[in-house]
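Enquirer: The residues making up each chain are set out below.
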Amino acid sequence: MQTADLDLKERAELALDNQFLRKAVRYTVDRLRNGKAASSAALGDFETWRERGREIRAHTIAHLDFYLELFATNLERRGGKVHFAKDAAEASSICVAVAQERNAKLAVKSKSMVSEEIELNTHFAEHGIEALETDLGEWIVQLAREAPAHIILPCIHKSRGEIRALFERHAGRPLSEDTATLAGYARKTLRERFLAADIGISGCNFAVADTGSIVMFTNEGNGRLVTTLPRTHVVLMGMERIVPSFADLAVMAELLPRSATGQKLTTYMNLLTGPRGADEADGPDDLHVVIVDNGRSAQLGDKDFQAILHCIRCGACLNVCPVYRQIGGHAYGSVYPGPIGAVLSPLFQPERELATELANASSLCGACSEACPVKIPIHDMLVKLRERNARRGSGTRAERLLMEFSASVLSSPRVFSGAGRVARTLQRWTICDGSRFSWIARRIPVLRAWLGTRLLPKPPARAFRDLWPDLEREVKR
Amino acid sequence: MSRVSQRLGRGPEARLEEPKRSWVPPLEPSPLARAELVAQFSSELERVGGAVQICASKAELETRLIGFVLDSLARQVVSFSKRSFALFEFERIWSELPIAAWERGSEEAALEFRATVAAADVGLSIADLGVAATGSMLFRAGPQRPRSVSLLPRSHIAVLAASNLVADLARGIAWLAAQGSPPSSAVFVTGPSRTSDIENDLTLGVHGPAAVTVFILDN
Amino acid sequence: MRVSLFITCLADQLFPEVGVSMVRVLRRLGCDVHFAPEQSCCGQAHYNAGYVPEARRVARSLLDALEGSDHVVTPSGSCAAMLRHSYPTLFEEDGEEAARATALANRTFEFSQFVVNVLRVEDVGATLARSATYQPSCHASRFIGVRSEPLRLLAKVRGLELRALPNAQDCCGFGGLFCVKLPAISSAMAAEKVSHVASSGAEVLVGTDMGCLMNISGQMRAGGSRIEALHLAQVLDSGHADR
Numbered sequence: 001m002q003t004a005d006l007d008l009k010e011r012a013e014l015a016l017d018n019q020f021l022r023k024a025v026r027y028t029v030d031r032l033r034n035g036k037a038a039s040s041a042a043l044g045d046f047e048t049w050r051e052r053g054r055e056i057r058a059h060t061i062a063h064l065d066f067y068l069e070l071f072a073t074n075l076e077r078r079g080g081k082v083h084f085a086k087d088a089a090e091a092s093s094i095c096v097a098v099a100q101e102r103n104a105k106l107a108v109k110s111k112s113m114v115s116e117e118i119e120l121n122t123h124f125a126e127h128g129i130e131a132l133e134t135d136l137g138e139w140i141v142q143l144a145r146e147a148p149a150h151i152i153l154p155c156i157h158k159s160r161g162e163i164r165a166l167f168e169r170h171a172g173r174p175l176s177e178d179t180a181t182l183a184g185y186a187r188k189t190l191r192e193r194f195l196a197a198d199i200g201i202s203g204c205n206f207a208v209a210d211t212g213s214i215v216m217f218t219n220e221g222n223g224r225l226v227t228t229l230p231r232t233h234v235v236l237m238g239m240e241r242i243v244p245s246f247a248d249l250a251v252m253a254e255l256l257p258r259s260a261t262g263q264k265l266t267t268y269m270n271l272l273t274g275p276r277g278a279d280e281a282d283g284p285d286d287l288h289v290v291i292v293d294n295g296r297s298a299q300l301g302d303k304d305f306q307a308i309l310h311c312i313r314c315g316a317c318l319n320v321c322p323v324y325r326q327i328g329g330h331a332y333g334s335v336y337p338g339p340i341g342a343v344l345s346p347l348f349q350p351e352r353e354l355a356t357e358l359a360n361a362s363s364l365c366g367a368c369s370e371a372c373p374v375k376i377p378i379h380d381m382l383v384k385l386r387e388r389n390a391r392r393g394s395g396t397r398a399e400r401l402l403m404e405f406s407a408s409v410l411s412s413p414r415v416f417s418g419a420g421r422v423a424r425t426l427q428r429w430t431i432c433d434g435s436r437f438s439w440i441a442r443r444i445p446v447l448r449a450w451l452g453t454r455l456l457p458k459p460p461a462r463a464f465r466d467l468w469p470d471l472e473r474e475v476k477r
Numbered sequence: 001m002s003r004v005s006q007r008l009g010r011g012p013e014a015r016l017e018e019p020k021r022s023w024v025p026p027l028e029p030s031p032l033a034r035a036e037l038v039a040q041f042s043s044e045l046e047r048v049g050g051a052v053q054i055c056a057s058k059a060e061l062e063t064r065l066i067g068f069v070l071d072s073l074a075r076q077v078v079s080f081s082k083r084s085f086a087l088f089e090f091e092r093i094w095s096e097l098p099i100a101a102w103e104r105g106s107e108e109a110a111l112e113f114r115a116t117v118a119a120a121d122v123g124l125s126i127a128d129l130g131v132a133a134t135g136s137m138l139f140r141a142g143p144q145r146p147r148s149v150s151l152l153p154r155s156h157i158a159v160l161a162a163s164n165l166v167a168d169l170a171r172g173i174a175w176l177a178a179q180g181s182p183p184s185s186a187v188f189v190t191g192p193s194r195t196s197d198i199e200n201d202l203t204l205g206v207h208g209p210a211a212v213t214v215f216i217l218d219n
Numbered sequence: 001m002r003v004s005l006f007i008t009c010l011a012d013q014l015f016p017e018v019g020v021s022m023v024r025v026l027r028r029l030g031c032d033v034h035f036a037p038e039q040s041c042c043g044q045a046h047y048n049a050g051y052v053p054e055a056r057r058v059a060r061s062l063l064d065a066l067e068g069s070d071h072v073v074t075p076s077g078s079c080a081a082m083l084r085h086s087y088p089t090l091f092e093e094d095g096e097e098a099a100r101a102t103a104l105a106n107r108t109f110e111f112s113q114f115v116v117n118v119l120r121v122e123d124v125g126a127t128l129a130r131s132a133t134y135q136p137s138c139h140a141s142r143f144i145g146v147r148s149e150p151l152r153l154l155a156k157v158r159g160l161e162l163r164a165l166p167n168a169q170d171c172c173g174f175g176g177l178f179c180v181k182l183p184a185i186s187s188a189m190a191a192e193k194v195s196h197v198a199s200s201g202a203e204v205l206v207g208t209d210m211g212c213l214m215n216i217s218g219q220m221r222a223g224g225s226r227i228e229a230l231h232l233a234q235v236l237d238s239g240h241a242d243r
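For the protein sequence lines, the chains are B, S and F, in the order given.
Residue 20 in this note's numbering sits at position 20 of the first sequence; the count goes up by one each step and never skips.
Residue 70 in this note's numbering sits at position 70 of the second sequence; the count goes up by one each step and never skips.
Residue 64 in this note's numbering sits at position 64 of the third sequence; the count goes up by one each step and never skips.
Keep in mind the hints are simulated off the structure, nothing from the lab.
The beta-carbon is built from N, C-alpha and C at its ideal position, and this holds for glycine as well.
A portion of the hints provided could be inaccurate.
What the hints assert, rightly or not - If the Cβ cut is set under 7 Å, some of the chain B residues that face chain F in the computed set are:
1. 14
2. 16
3. 364
4. 366
5. 403
6. 413
7. 457
8. 460
9. 461
10. 467
Unchecked claim - Distance condition first, Cα-Cα at most 20 Å in a straight line; then the derived PhoX-like pairs of lysine-lysine:
11. B:384 <-> B:303
12. S:20 <-> S:58
13. B:375 <-> B:303
14. B:384 <-> F:181
15. F:181 <-> B:9
Okay, chain B solo, but in the shape it has when bound:
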């Protein structure tokens, strides 16, 4: 679906009309958040684990220069090649150059949000290299030429009927729509491509500084195939993925899967350190790690936003967000959806228009911050982003005037009291609860929005402040 030219409100309305999507999203997030609740309870004292996770992330990010240097040194010592990319374009160019050096025609990919961020597939295509997504959900989304709708489960918006149709078109023959058949088709088809691929591209969940290891948490096994079968393995890594040591990893390994999918541990937790050894039967001959900045370092030293780099991309905030629950991922119109996306996208891509409107896609209920396994105050950051937007004058003129005017009224109790009386009287005489004279109400945008599905309360004749003198007498009786 092409939604690039729509604004947030329009994209949301489109999503709200899609009943399959809404049902699927609700079902999925309920499953994931119930899973998280159960698995974190099983760990015992989850709050202590969260605090440990926060400490580790805060410490690492506060000393990111030291740990990045240590990681790069250790990785190179183990025969890996380290590249730093300052932005998306540079990251893509590095990947293309590595692929071309190997004369690669086919790249198999496991899930990587950074690769979405840098639009790697497009760049590969421009250079005649096929980039094949191999995570089942990502492959489905790729066949449909769409973007992922969830960080962890990319294709929750697709029905099995749609998936069957996509696979049938790919296969050129009819398929039944049971899960086993569809997954079996993916296994058989993709396995052949794995064996033929020249290069494997993966993301990484963590990078361990004191060993130079890359750590990936996956369930399907495509992550292992991508990093085992092709002769070259390229890792795309956000520069903030670092943890200092294996002991820190042990804490993050308890937090990430539980928060993401509700599993105690994902099926595979893969620690990769350098390319294969000389006497080993399999594994890549060479390993490249592309450390991507792309807007990240700009958050360092910013007291309001540095903590966004603590994020471990578990998606727990999506699963509890009441806004995401209603509209799903695509309506955000950004690579990273949900509350975390509403913060990451404007910070990483401040030049994009969407950056300003995303901060509004929240009722500020705080469920995101409460769910975050490393305690990022996401809702506070959303408020800070709104402040930044307001300072830049990005609100409508009407909004700015309303804000200034209402602040004047509210900061003067006498004016407030008088204005309140006038407004209540007007409302009582005319539109009352919105059910009559609605044509008046519908001319006032704020009221129109409210009255779309709601009635107003019937205004009282006297405000509390008018009742107070009587109340005071009551006690003296």
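For chain B, the structure is supplied; the task is to place chains S and F on it using the hints.
Expert: Only chains S and F this time, still in chain B's reference frame:
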């Protein structure tokens, strides 16, 4: 990199200066007795769709393993090197099963072995470690232990000594760290390959093994 | 105990009966209740919309109005959260104001929090023979930790049959200006909340925040529902001999 130091308000020398930190190690639960570890490991692995066979002796384990593979009608089994199973003192397996064990050799041999693994029905491996709390097994890659044996075939069979069970993941990772410089690949495997990408409907074996069976030697 | 009310702009202008009930409950518990008519609003709507200078202007007038007060008690978890959670940040640049804001934050309580944790009372002697379900407002529960207090108070109301609210922790979609800025999303959230309230089978929806209650009840009434929305203070003020 210099931008990172600069944003953090430090000079380039900070990159070489180990930051001080008061790292408090995770509170670890009290160690369990071996019987409890075996029971917990088994129930956790079964919960995620794995299967567990507990054997009281090496001879019993070998007999049951052979029977299990023959019953599965596997045409081709691949395994880690024969040497890597030394602890289990296998004798009959190598002759009674249609098995290709990895042996270090030329690059051509490696190429050929990789092709055999790609076509095999069963991969036979030995786990370095079992993690009771999660039902996970650790496989370190090495000259005797190819990665693809536990990955490509539809059925993965691992053998594990009960004495190599640890209580939780923190201990598993600590054990790995204690072995020194990590191997090129170390993977904690927790049950069969799984996905819920199609309408949240769980299915096993989409890319990795659809079946994971572990024979535990508890003597 | 001397208590100063922060009635909030919403309850003052649209729901004065909530304030009246709150005053009566507090007086029955022996409080000496005061109200400073110089107060208006906490500035939360401005702050959350990003209009910080405007928010500060409004907040400053509240700081003045509540100067010299003892315990400040408010019928809104959201406004209490604004004072406790955001005021110190809002005024952090000016040392003197920051100190006043922090002092105010420390003496401000949401109504149920004050009754249970400060007055140490759970049974206020109320009677209400109806079935009810409780909506835990997001800001009250997440930002200032009001979780068990309202339920403990409701459990002691004679005749009240308390029913579980499915997905209680999900926001109702009010969110201040959010509900008019993105009305379609807000309405969808409210619609789901209304369906959960209906499925609880309760006759009364109890809350601790008039913003949320106005939103949910506005949507319920538009849909023809007869479920009544009451503030916790109104429930606790029910069935007393002096009424």
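Enquirer: Hint by hint, say whether it matches the structure.
Expert: The hints, checked one at a time:
no., hint, in the structure
1, 14, "violated, 10 Å"
2, 16, "holds, 5 Å"
3, 364, "holds, 6 Å"
4, 366, "holds, 4 Å"
5, 403, "holds, 4 Å"
6, 413, "holds, 5 Å"
7, 457, "holds, 5 Å"
8, 460, "holds, 5 Å"
9, 461, "violated, 9 Å"
10, 467, "holds, 5 Å"
11, B:384 <-> B:303, "holds, 11 Å"
12, S:20 <-> S:58, "violated, 49 Å"
13, B:375 <-> B:303, "holds, 15 Å"
14, B:384 <-> F:181, "holds, 18 Å"
15, F:181 <-> B:9, "holds, 9 Å"
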